[in-house]
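Q: So you can see what is in the structure, the chains are spelled out below.
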Amino acid sequence: MNILIAIGGREYSKLTLDLGMKVSNSFEASTTIAYVGKKISQFAEKDVSIVHQSLDERQLYRPGVRTLEWAYDFLKSKEYIEEEKVATFNDYLLIDEEQSRMRVLLKGKHSNKINLILRTGEIIEQLRSEVQDNNHDITIIGGGNNKGMHHDLVQFIDSSVLVVKNYSVKKQYKILLPVNNSKGSNKAIEIAEQFAKSNKLFVEIVTVLENKSSDNTLKKILERTEEKFSNAGIKNTATILEGNVVKRIVENAGDDSIIMLGVSPKNPITKYFFGSKPISITAQCNCPVLVAK
Amino acid sequence: MQDYYKIVSSSILYWFSQKKWFVFSIIFALIFISLPTPIGLTVPAYHSLIILFMVFILVTSEPIPFPAIALLTLVLQVLLGVAPADVIASSFMNDAVLFVMGSLMFAIAIVHQGLDIRLAKIIIAIFGKSKRLFLAGLMVVSAILSSFLGEHTIIAIMLPIGLAIIKNVDSSTLDGKNAILLVLFSIGYGTIIGSIGTPSGGARNVIMINYLQEFTNIQIDYWDWIKYAYPILMIQLVVAYFVLKFAFPTSLDNVRVQGYKRSIAKSNSATNIKHLFSCLIIGLIITSWFLFNQELGLGIISLCGVLIFMICGMVPWEVINKNTNWGVILLFAATISLGFQINETGAASWLVEKFNELTSSFPEDSSFSWSFMAILTGLTSNFFTSSATTSLLGPMAIELQPNDISFGMSAAIASGFSFLTVISCPTAMIIYSTGLVSIKIFFRVGLLMFSSSILILYLVSKFYWVTL
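Protein sequence lines correspond, in order, to chains A and B. Residues 22 to 314 (the numbering used here) make up the first sequence, in order. Residues 3 to 470 (the numbering used here) make up the second sequence, in order.
Treat each hint with caution, since some may be false.
Label-pair ranges, simulated between beta-carbon atoms [what the hints assert, rightly or not]: (1) Gln80/A x Ile124/B: 19 to 25 angstroms; (2) Lys221/A x Arg446/B: 33 to 39 angstroms; (3) Asn288/A x Pro67/B: 26 to 32 angstroms; (4) Ile290/A x Lys324/B: 36 to 42 angstroms; (5) Ser440/B x Arg124/A: 24 to 30 angstroms; (6) Ser440/B x Ser251/A: 35 to 41 angstroms; (7) Pro67/B x Ala253/A: 50 to 56 angstroms; (8) Glu244/A x Ser440/B: 50 to 56 angstroms; (9) Ser251/A x Thr62/B: 54 to 60 angstroms; (10) Ile124/B x Trp91/A: 31 to 37 angstroms; (11) Ser253/B x Arg79/A: 23 to 29 angstroms; (12) Ser219/A x Phe244/B: 57 to 63 angstroms; (13) Ser219/A x Trp23/B: 42 to 48 angstroms.
Everything labelled a hint here was simulated from the structure, so no lab data went into it. In this text, a Cβ means the ideal position worked out from N, Cα and C, and glycines have one as well.
Next comes chain B alone, as it looks inside the complex:
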């Protein structure tokens, strides 16, 4: 009997130790619900903020699977009377969610084609004259491709190239260690920076476009976004080049660019045809994003890309099904739905009011609230991931200055500055998962990059966006 008791209590304790943040979030929620509703807030609005708080805790600490967090968000919205079930269901699916789903699947289809070797050949042909030029090329190509195809696609294609050229580098010497870090960070920063460039670069961009359209009737198409974001991307690339050069001084002695070129020289006709066809499909989808994004929506176009790959037999459904992160899709759908309700119930306006009251003693300059929002979204995204940050903080950023597009755009772009933590975006996590980059190094270099990125964003929004 005593053994039985020990086994049961030990299992319960283990469950608690693993799920403690889930238990705490429930306790916090119950405490808040039992408190009187703050003045100026309706009950549904108050409850939507409590759910928002719970989601923050659960997503950052991950005590339960993402699909469970998504379902909990939906269920709580109905149970706590935030909105009726039909309204929640209709806000659950929109073009942003379709885009998340389409872009994840499209990425799998592209990576499945093995385009990294083809790409490596092109980069070596253009930038292979020197090792430093090659690394700069790797960063620029990563950024440009990631701006159109998303960082999770490009890091999966570029990382094998990076790891192949550092295969023989001796990591026990400082020079070798720096060479490894320089290569990995060049690819990583390239893809992270690139993801702000176009709406299809990251789900957060599409989420913000949707919010701006829904809440303020401002329409931003593919071209408009590029006009706003690409100058920032280009300046960031130059800054990143020098930051990395300063952070990781190295002779690049054992980085083998030409050796790698020789090892990948052979390719057969079947592969050539497959690669050519893949490039045609990718080109077609990118062109469609430019031309038909308003009529068809970015999500539907990316799903078309997946469809073509599947119909042509270039990627089996099993591969897509196995590698698609369905949990993330559900979670984004649920957080976007919550974001809509935070706006609809007036909770976003209330938060903005409170923020304005708090800052009333500061000079009446929109720069202050702009900086606060940009830094808040930037920092939050580093602990909460960028798309979830935009879906939850986006409505408040827009509400701060509904007539000034720069607030919403800055929030979305700043949430792409995932330079501080390894959990902030897939690129950071993939680089970290190689075991070659520590959390400390990522943060140290990232701090420099994050600060300069916020400054660049501020200067561009202040002096360039006003001219558009």
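With the rest of the complex left out, here is chain A:
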């Protein structure tokens, strides 16, 4: 499994890194940490590139390298990664892999588990390209309050997306797993099972009935999921909720859940113009949300 963690400023990225590495370690996944630098206007892109080359030559390094170095040290201090003793460098190495993408090898540091990537440009475009080119299964990104970005992330990134909103390392989290009869929901169940098992988390499985003909199917899926988790030795409860799906899930999640749900099966055009339940939940909830694809 490949996991992509996108980071920005240092203060805000600690929690994203922390939860991101917990997810990554649950799957023993290969992890890429990407810093996406500011989008440069086409007028100045060559000028900026010349300046950055010049800074690298003088060991002043382009923006983002120090943040990646900080991220690496943070993960090491939290024992999420172990440093390999094999390869060391006397200087930072920035390998220009393709347009707007650079792989960073830090001075004197090396871990096989982590790839450090520097990208420049519009964030959705860069993450989409990173996911497509490197087949990442989950993209993890900090919350913020940008609802438009949440919408675009879920809509356009071709991987599951974990938005780390209002996360605290001190809080005891449970997984809130809304289930239904979509493909995305099956994927969410898989991810939740692995993550809960690995981090010994309690799972609250829910399904929301909306007085539709599919209600019986949903009840069966709920029972099946409960059985699956119990057989795997994961503590869980299964609850049937009624009413507005978005409202009930957001209420139930509070601020001490990690919501894991499947992407909407609606067609992309409807989702783009009218949104979807997962997009609304991501925007409205006050806790981390994973939308599985």
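On the provided structure of chain A, position chain B as indicated by the hints.
A: For chain B alone, coordinates are given in the frame of chain A:
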């Protein structure tokens, strides 16, 4: 089948979300074309204004690459009957375009020589007695050099010096943060202010010289421009010093000027010779701009500089080719061509007429139209970049008062006041790309600087230019 449909519709949606401004600009253009031509405008003139509107949308939102915008501008001028293909082709290349090309290449050749360390030593030797004096020196030297060699060249040389001296400053304290901003803004404002000083300071200056010559037969040489612009530059530097001092109060405690001096003390003979030779070439080119700009054109002279660097083996073609922004060169060529057609078709005169009709209720004072044009070009350049602004609004500025040189000159100079946004010029974008300056801070300090610059320009044009 359903998955296939989802993949295709998702790809189309993504394309739309990225290119929506391109789609909107096409829709706007189609709507305008279907409307009746406004009274007083010919069809080609009307169409040239529609293309101008499209270019504004496309350049500010960047949904497609610049070379594509340039090609679209050219193609549309022919397809919409603005002018025949031969006329468009001949207006595509002139000395201003050669200057854009030459100055971009010349900048790459100069930066490739690694002159920043040499320059740092000189600045420290002259201004190194105190940290504040050093920063003032950094700003003044940036301004003077940028006035001759262009802001994109000088910011690339000066920024490593600035970043080196703030390397150890703690950005988590307010004092440290202000110190970092003060250093970066001193360099940034120095280079931005400097770029108005001479014709070679920025492509917009050369574009305006070309327009004045073509549309009004007024010839402005290198010296003339300096006489007009340098006093503004000097007053702006003094104002900028105090604006920055007021905006970023700091003790400059961890700014290490002497430490940096020690770290760059060593240099070998080969580097010394290379630097000496580079300086000779730069000196030769600047002298030629002064002496032969009328005969040879600024563009050809800057290309000569690139040629000498390449023939002497001081910069490989691969480096120039890789780092030259060919898209910008094409875009300037296309917008200059459009600017010419806006004037030739009478669209510029029509816009000026409409402007005069709108302002007929105001007192008949040229100060009003002057202020309007200066503020409009200044503001537009902050969202559209300065050279593109001059190439498109320049003809209208001249048309407002064809016999008064101050309108054209003010439009070109005001479009160099790139203090408000980070997209306005390469310097602003480079400073922003360090990740140490936010858009908000840039705007806040820039607003003060922009307003005072417009005021300075007004006072100088009103009381000093009339004496020339």
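Q: Could you see if the CB distance from Ser440/B to Arg124/A stays within 24 to 30 angstroms?
A: Since Ser440/B and Arg124/A have Cβ atoms about 28 angstroms apart, the given range 24 to 30 angstroms holds.
Q: Indicate whether the distance between the beta carbons of Ser219/A and Phe244/B respects the range 57 to 63 angstroms.
A: holds (60 angstroms)
Q: Check the following: the C-beta atoms of Glu244/A and Ser440/B are separated by a distance inside 50 to 56 angstroms.
A: holds (53 angstroms)
Q: Determine whether the Cβ-Cβ distance between Asn288/A and Pro67/B falls within the hinted range of 26 to 32 angstroms.
A: For Asn288/A and Pro67/B the Cβ distance comes to about 31 angstroms; the hint holds.
Q: Can you tell me whether the CB distance of Pro67/B to Ala253/A sits inside 50 to 56 angstroms?
A: holds (51 angstroms)
Q: Cβ-Cβ distance between Ser253/B and Arg79/A: within 23 to 29 angstroms?
A: With a Cβ separation near 26 angstroms, Ser253/B and Arg79/A satisfy 23 to 29 angstroms, so the hint holds.
Q: Does 36 to 42 angstroms hold as the CB distance between Ile290/A and Lys324/B, or does it fail?
A: Once the Cβ atoms are compared, 41 angstroms apart, the range 36 to 42 angstroms for Lys324/B and Ile290/A holds.
Q: Is the gap between the beta carbons of Ile124/B and Trp91/A within 31 to 37 angstroms?
A: Taking Cβ atoms as reference, Ile124/B and Trp91/A lie about 35 angstroms apart, which means the hint holds.
Q: Note whether the CB distance of Ser251/A and Thr62/B lies within 54 to 60 angstroms or breaks it.
A: holds (58 angstroms)
Q: Look at the Cβ atoms of Gln80/A and Ile124/B and judge whether their distance stays inside 19 to 25 angstroms.
A: holds (22 angstroms)
Q: Does the Cβ-Cβ separation between Ser440/B and Ser251/A fall within 35 to 41 angstroms?
A: For Ser440/B and Ser251/A the Cβ distance comes to about 51 angstroms; the hint is violated.
Q: Cβ-Cβ distance between Lys221/A and Arg446/B: within 33 to 39 angstroms?
A: 49 angstroms Cβ-Cβ, so the 33 to 39 angstroms window is violated.
The earlier numbered hints that this structure contradicts are 2 and 6.
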